[in-house]
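Chemist: What follows is each chain in one-letter form.
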Amino acid sequence: MKFKCVGSFVVFCVVLLPFVFSARAVGQNLDPADLVKPPADTWPLYHGDYSGRRHTRLTQIAPRNVGSLALAWAFQTNQGAQIKSSPLLVDGILFFTVPDNVWAVDARSGHQIWHYHRASKGEHIGHRGVAMYKGWLYFTTPDCHLISLDAKDGTVRWDKVFADPTKGYWSTMAPLVVKNHVIAGVSGDFDNLTGYLRSFDPETGAEQWQWDSTPPAGTANSTTGGMTWMTGTYDPDLNLIYWGTGNPTPVLNGASRPGDDEYTCSIVAINPDNGKLAWGFVVSPHDTHDWDAVETPVLVDGDFHGHPRKMLMQSSRNGFFFVLDRTNGKSLLTVPFGPVNWNTGIDAQGRPIPDPKKEPAPDGRLIAPDEGGLTNFRAPSFDPKNGLFIVDAHPSYSIYFAKPADGAYGWAGADYGLWGKGVLEAIDYETGKIRWSHFLGPGGSDAGVLTTDSGLTFTGDSFGNVLALDTRDGKTLWHAGTGDDIESSPIAYELDGREYVMTSSGGVLFAWALPVASREQHQASARKP
Amino acid sequence: MRIRSLSLLATGCVWLAICLNSSTLRAASRPPNQDASGPAQNQPGYKAYAANCAICHGDHLEGDLPSFPPLVGVEHHMNDAQIVAVIQQGKDRMPGFPDLKGEELKDLMSYLRSSTDSAAKPAAGISSSNASNGAIEAGGALFQQSCAFCHGRDAMGGETGPDLTQSKIVHADVDGDKISEVVRNGRPEKKMPAFNFSAPELQNLVAFIHAQAAHAVASKGGRRGVSVEDLQTGNADAGKLYFNGAGTCAQCHSATGDLAGIASRFNGLALEQRMLYPEDVKSKVTVTLSSGKHIAGILDYLDEFTLGMRDESGTYHSWPVERIKYKVLSPVDAHVELFPKYTDADIHNLMAYLQTLR
Numbered sequence: 039m040k041f042k043c044v045g046s047f048v049v050f051c052v053v054l055l056p057f058v059f060s061a062r063a064v065g066q067n068l069d070p071a072d073l074v075k076p077p078a079d080t081w082p083l084y085h086g087d088y089s090g091r092r093h094t095r096l097t098q099i100a101p102r103n104v105g106s107l108a109l110a111w112a113f114q115t116n117q118g119a120q121i122k123s124s125p126l127l128v129d130g131i132l133f134f135t136v137p138d139n140v141w142a143v144d145a146r147s148g149h150q151i152w153h154y155h156r157a158s159k160g161e162h163i164g165h166r167g168v169a170m171y172k173g174w175l176y177f178t179t180p181d182c183h184l185i186s187l188d189a190k191d192g193t194v195r196w197d198k199v200f201a202d203p204t205k206g207y208w209s210t211m212a213p214l215v216v217k218n219h220v221i222a223g224v225s226g227d228f229d230n231l232t233g234y235l236r237s238f239d240p241e242t243g244a245e246q247w248q249w250d251s252t253p254p255a256g257t258a259n260s261t262t263g264g265m266t267w268m269t270g271t272y273d274p275d276l277n278l279i280y281w282g283t284g285n286p287t288p289v290l291n292g293a294s295r296p297g298d299d300e301y302t303c304s305i306v307a308i309n310p311d312n313g314k315l316a317w318g319f320v321v322s323p324h325d326t327h328d329w330d331a332v333e334t335p336v337l338v339d340g341d342f343h344g345h346p347r348k349m350l351m352q353s354s355r356n357g358f359f360f361v362l363d364r365t366n367g368k369s370l371l372t373v374p375f376g377p378v379n380w381n382t383g384i385d386a387q388g389r390p391i392p393d394p395k396k397e398p399a400p401d402g403r404l405i406a407p408d409e410g411g412l413t414n415f416r417a418p419s420f421d422p423k424n425g426l427f428i429v430d431a432h433p434s435y436s437i438y439f440a441k442p443a444d445g446a447y448g449w450a451g452a453d454y455g456l457w458g459k460g461v462l463e464a465i466d467y468e469t470g471k472i473r474w475s476h477f478l479g480p481g482g483s484d485a486g487v488l489t490t491d492s493g494l495t496f497t498g499d500s501f502g503n504v505l506a507l508d509t510r511d512g513k514t515l516w517h518a519g520t521g522d523d524i525e526s527s528p529i530a531y532e533l534d535g536r537e538y539v540m541t542s543s544g545g546v547l548f549a550w551a552l553p554v555a556s557r558e559q560h561q562a563s564a565r566k567p
Numbered sequence: 012m013r014i015r016s017l018s019l020l021a022t023g024c025v026w027l028a029i030c031l032n033s034s035t036l037r038a039a040s041r042p043p044n045q046d047a048s049g050p051a052q053n054q055p056g057y058k059a060y061a062a063n064c065a066i067c068h069g070d071h072l073e074g075d076l077p078s079f080p081p082l083v084g085v086e087h088h089m090n091d092a093q094i095v096a097v098i099q100q101g102k103d104r105m106p107g108f109p110d111l112k113g114e115e116l117k118d119l120m121s122y123l124r125s126s127t128d129s130a131a132k133p134a135a136g137i138s139s140s141n142a143s144n145g146a147i148e149a150g151g152a153l154f155q156q157s158c159a160f161c162h163g164r165d166a167m168g169g170e171t172g173p174d175l176t177q178s179k180i181v182h183a184d185v186d187g188d189k190i191s192e193v194v195r196n197g198r199p200e201k202k203m204p205a206f207n208f209s210a211p212e213l214q215n216l217v218a219f220i221h222a223q224a225a226h227a228v229a230s231k232g233g234r235r236g237v238s239v240e241d242l243q244t245g246n247a248d249a250g251k252l253y254f255n256g257a258g259t260c261a262q263c264h265s266a267t268g269d270l271a272g273i274a275s276r277f278n279g280l281a282l283e284q285r286m287l288y289p290e291d292v293k294s295k296v297t298v299t300l301s302s303g304k305h306i307a308g309i310l311d312y313l314d315e316f317t318l319g320m321r322d323e324s325g326t327y328h329s330w331p332v333e334r335i336k337y338k339v340l341s342p343v344d345a346h347v348e349l350f351p352k353y354t355d356a357d358i359h360n361l362m363a364y365l366q367t368l369r
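Residue numbers (the working numbering), protein chains in the order written: chain A, 39 to 567; chain B, 12 to 369.
What the hints contain is simulated information worked out from the structure, not anything from laboratory work. Don't take each hint at face value.
To be verified - Restraint-style ranges between C-beta atoms, simulated for each label pair:
#1 A:Gly519 / B:Pro211: 50 to 60 Å
#2 B:Asn90 / A:Leu315: 33 to 43 Å
#3 A:Asp466 / B:Lys304: 54 to 64 Å
#4 B:Glu148 / A:Ser147: 35 to 45 Å
#5 A:Pro394 / B:Gly107: 52 to 62 Å
#6 A:Lys172 / B:Val228: 55 to 65 Å
#7 B:Pro211 / A:His149: 28 to 38 Å
#8 B:Gly319 / A:His149: 27 to 37 Å
#9 B:Gly145 / A:Ala258: 54 to 64 Å
#10 A:Pro346 / B:Leu252: 55 to 65 Å
#11 B:Gln243 / A:Asp385: 34 to 44 Å
#12 A:Arg536 / B:Gln262: 51 to 61 Å
Stated by the list, open to error - Straight-line Cα separation of at most 27 Å, BS3-like style, residue types lysine-lysine; simulated pairs:
#13 A:Lys396 / B:Lys336
#14 A:Lys459 / B:Lys352
#15 B:Lys336 / B:Lys293
#16 A:Lys396 / B:Lys338
#17 B:Lys352 / B:Lys102
#18 B:Lys201 / A:Lys459
#19 B:Lys293 / A:Lys396
#20 A:Lys205 / A:Lys172
#21 A:Lys172 / A:Lys75
Stated by the list, open to error - Which chain B residues face chain A? A few, computed with CB under 8 Å, are given here:
#22 Phe79
#23 Gln156
#24 Gly168
#25 Thr171
#26 Lys202
#27 Pro204
#28 Asn207
#29 Cys263
#30 Gln284
#31 Leu287
#32 Tyr288
#33 Glu315
#34 Phe350
#35 Pro351
#36 Lys352
Where is the CB? At the ideal position from N, CA and C, for every residue including glycine.
Looking at chain A on its own, in the form it has when it is part of the complex (with noise of 0.2 Å):
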């Protein structure tokens, strides 16, 4: 009997468990409450988590055993536009996108579900992906929709004009969604436009509020711009949502617009439930060089110099690395992160002082880095174990023209890129000081950054090559050629006791995970005492 009880257990542990525990999932059912613990069989936001951190606890893939990382499955788009979004994982189910496309694929087989296309005007560039909130996705268009899909089966469920694509704004960006709020944003570079953030309801897609980054075009000695092109991040215990904005407008040309242009190139704090501003921090003062500050805000608890923190930091465009207290927007810390040529020196509130003299003449002026900047979009990680804030870095030169006759409207400049290569930057947070560079090839790499807890950075080199790191010095242990560039950000999340890591390339989407033999001989040698 006793025996048979123990069996019992035993049965109930092995078939019935996982029903009960898998029981929330059906339905693809997104509680909002995991937005804020994300369970380790999802990866419900665009970064994963609101933390922005982009570092896993999964540890099934080491350091020991990622030399027998391989491809458990690839799903091809069939079409040109490249990946450039991360991909939402809900309920077994993966959510991405490129422009005007949303598909649904099982993140068990790589086998799609369904596909949802729309034909649009506008910007195709690339997208960012979709959020999610309970049953129904939002994803946003290059002609300026928020469209409302419900996940079950990609149709549409309400669709909203959030921005006009006639005046020159498009949108790429994966909305974010904080509590009962749907927050997007916009792009746009070619004309005087005002950026902003407009939060919606995630129901009736209602408009909720909308906060502007910069005044109304034609305010005199005024900036424009500012648009608000990645998805930011959030602190629930602060009630704030974290979002980068975008360069000035005329972008090559400050002469209209004196002054810092706030809240271009700058970090902004946002109470959620009201679109209010509670700090703001302008990372490249009067910009001349389209270095938009839309890279990841990354929040990190820990220690800076010995006190407890609540940091934000950033790796911008412009070249500098900033740790601000991001209960006020104080800086902590600012430090170059590779060649930079632009600045006098750093103000009193940590702020790079733009140089007159390397603003574009007509002559051309040598500018480090280029405009794509010393970083872009790619997402960065922070590695807790290690204190590492790890980068895709671009150091590079280029040179700036403006003159009367380009005007001061949209661009009014030129500049052309001269030389640049790609290194995997690992800066330790509290001193700027880089740890350990992996070169990534001439040019530049385009993959965003995944750390795990067990000591893997994921990222890709200029070639193609998806590359496992270990995150203590940067050596490679494991690589494999992917046929064509890496424009994404990797995820990882764990089905069925197997993780997996998520890249793509072109058009491509690559789930990694070890082979079923190695994974039941880490489960044995991790049951050994």
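Please build the complex by placing chain B on the supplied structure of chain A, with the hints as guidance.
Modeler: Same frame as chain A, but now just chain B:
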């Protein structure tokens, strides 16, 4: 009205003839003078062309992309000295023809040059002002979706992408021959991706780009881009001093050697970009195999894991890097080392000096 209709019809017939010529009739031996876009075949140079060049570049200079470039309008992007050098020494896979010289070479050159005139005629197709408004409009829509972010909505430059209305490739392009190649293959060295457009889409795109280029030439002021006049603020004497002194340029280059006449071959922004970083320079490599054998050649590919190179015969070899020893010789790196050292005045002075080397 009637005259216009007739001329449209005539244009259509010519276009049809070109299409037929380049597709269905390619395999057959084509009778001369069927192709309206090439120069006349009764010119003296045609004989030399037909005997030496036509097998690859086509009976009528039309080429066969992507392998064999068209030569129509070759004058737009190469000067006579460059064309002669390619003919006599070859280039990439093209063999040299050292026996072509004297009168024969002169006639061939005049034959090649005559293509420019015929290419400029409206009948040459979509590079002409006769491209339909519908094609331009459709091309514009495609351009806005896929190209405008980098090249600007008006094709006059944007984020990272150059002003196409001042592009040498666009100016040399005939019927999309140059533009299509760039769009299809991308320019990986400049981070431009390749695009999978259909042939009609490409035609429309080319029509739009040419329309924008024509519009830019016609309009004054408000131009972006960089003109030769913008790059005349330096002092040539100071530039010469820098070249021979602090700039260390003279360690590799000589004003009377490799750089003699450089300002005749390049000018304006192209010269300045080349001066700061000549991106098409290949590195040399010497590989030592485990057997002790050495193989020298041109470096073709090098990532963390694999080295690929071409030996002196042009044969490609590759190895896992851990199986070999190798030494890369990359003199162009000296340009990278200069970037943090230049002042803007150094660059302007050096530019002034190089512009004296005609």
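Chemist: None of the hints should be skipped; say for each whether it holds.
Modeler: How the hints compare with the structure:
A hinted range of 50 to 60 Å is violated for the C-beta pair Gly519 (chain A) and Pro211 (chain B), which are about 34 Å apart. The hint said 33 to 43 Å for the Cβ distance between Asn90 (chain B) and Leu315 (chain A), and at roughly 59 Å that hint is violated. Roughly 45 Å separates the CB atoms of Asp466 (chain A) and Lys304 (chain B), a value that falls outside the hinted 54 to 64 Å. Taking the beta carbon of each, Glu148 (chain B) and Ser147 (chain A) are about 44 Å apart, inside 35 to 45 Å as hinted.
For Pro394 (chain A) and Gly107 (chain B), the hinted distance range of 52 to 62 Å is satisfied, since their beta carbons lie about 53 Å from each other. Restraint check, Lys172 (chain A) to Val228 (chain B): a C-beta distance of roughly 57 Å satisfies the suggested window 55 to 65 Å. In this structure the hint that Pro211 (chain B) and His149 (chain A) lie 28 to 38 Å apart at CB holds, the actual value being about 33 Å. Between Gly319 (chain B) and His149 (chain A) the beta carbons are some 36 Å apart, a value that agrees with the proposed interval 27 to 37 Å.
The hint said 54 to 64 Å for the Cβ distance between Gly145 (chain B) and Ala258 (chain A), and at roughly 43 Å that hint is violated. The given range of 55 to 65 Å is respected by Pro346 (chain A) and Leu252 (chain B), whose C-beta atoms sit roughly 57 Å from each other. The beta-carbon spacing between Gln243 (chain B) and Asp385 (chain A), approximately 36 Å, falls within the hinted interval of 34 to 44 Å. Judged by the Cβ atoms, the range 51 to 61 Å given for Arg536 (chain A) and Gln262 (chain B) holds: they are separated by roughly 58 Å.
Using a Cα cut-off of 27 Å, the hinted pair Lys396 (chain A) and Lys336 (chain B) is violated, with the two alpha carbons roughly 44 Å apart. For the hint pairing Lys459 (chain A) with Lys352 (chain B), the CA-to-CA distance comes to about 18 Å; that is within 27 Å, so the pair holds. Distance restraint check for Lys336 (chain B) and Lys293 (chain B): the Cα-Cα separation of roughly 19 Å lies within the 27 Å cut-off, and the hinted pair is therefore satisfied. Restraint check for Lys396 (chain A) and Lys338 (chain B): the C-alpha separation of about 38 Å exceeds 27 Å, so the hint is violated.
Pair hint Lys352 (chain B) plus Lys102 (chain B) does not hold up; C-alpha atoms about 35 Å apart against a cutoff of 27 Å. With a C-alpha separation of about 12 Å, the suggested pair Lys201 (chain B) and Lys459 (chain A) falls inside the 27 Å cut-off, and the hint holds. Of the supplied pair hints, the one linking Lys293 (chain B) and Lys396 (chain A) is violated, its CA atoms being roughly 32 Å apart against a limit of 27 Å. About 34 Å separates the Cα atoms of Lys205 (chain A) and Lys172 (chain A), which puts this hinted pair outside 27 Å; it is violated.
Taking the CA atoms of Lys172 (chain A) and Lys75 (chain A), the gap is about 15 Å. The hint holds against a cut of 27 Å. Among the interface hints, the one on Phe79 (chain B) is violated; its C-beta lies about 26 Å from the nearest C-beta in chain A, farther than the 8 Å criterion. Taking 8 Å as the C-beta contact cut-off toward chain A, the hint placing Gln156 (chain B) at the interface holds, the least distance being around 4 Å. Contact between Gly168 (chain B) and chain A, as hinted, is supported at the beta carbon level, the nearest pair being about 5 Å apart and thus within 8 Å.
For Thr171 (chain B), the shortest C-beta to C-beta distance to chain A is roughly 6 Å, which falls under 8 Å, so the interface hint holds. At a threshold of 8 Å, the smallest CB-CB gap from Lys202 (chain B) to chain A is about 6 Å, leaving the interface hint in force. This hint holds: Pro204 (chain B) has a C-beta 7 Å from the nearest C-beta of chain A, less than the 8 Å allowed. The restraint placing Asn207 (chain B) at the interface with chain A holds, with a minimum CB-CB distance near 4 Å, inside the 8 Å limit.
Hint status for Cys263 (chain B) relative to chain A: violated, with the closest Cβ pair at about 17 Å, above 8 Å. At about 6 Å, the closest approach between the beta carbon of Gln284 (chain B) and any beta carbon in chain A falls short of 8 Å, and the interface hint on this residue holds. Given hint, Leu287 (chain B) at the interface with chain A, holds; its Cβ is 5 Å from that chain's nearest Cβ, closer than 8 Å. Nearest Cβ of chain A to the Cβ of Tyr288 (chain B): about 5 Å, under the 8 Å cut. The hint holds.
With 8 Å as the threshold, the beta carbon of Glu315 (chain B) comes within range of chain A, its nearest partner Cβ sitting at about 6 Å, so the hint holds. Because the beta carbon of Phe350 (chain B) sits about 5 Å from the nearest beta carbon in chain A, less than 8 Å, this interface hint is met. Because the closest C-beta pair between Pro351 (chain B) and chain A is about 6 Å apart, less than 8 Å, the hint holds. Taking 8 Å as the C-beta contact cut-off toward chain A, the hint placing Lys352 (chain B) at the interface is violated, the least distance being around 10 Å.
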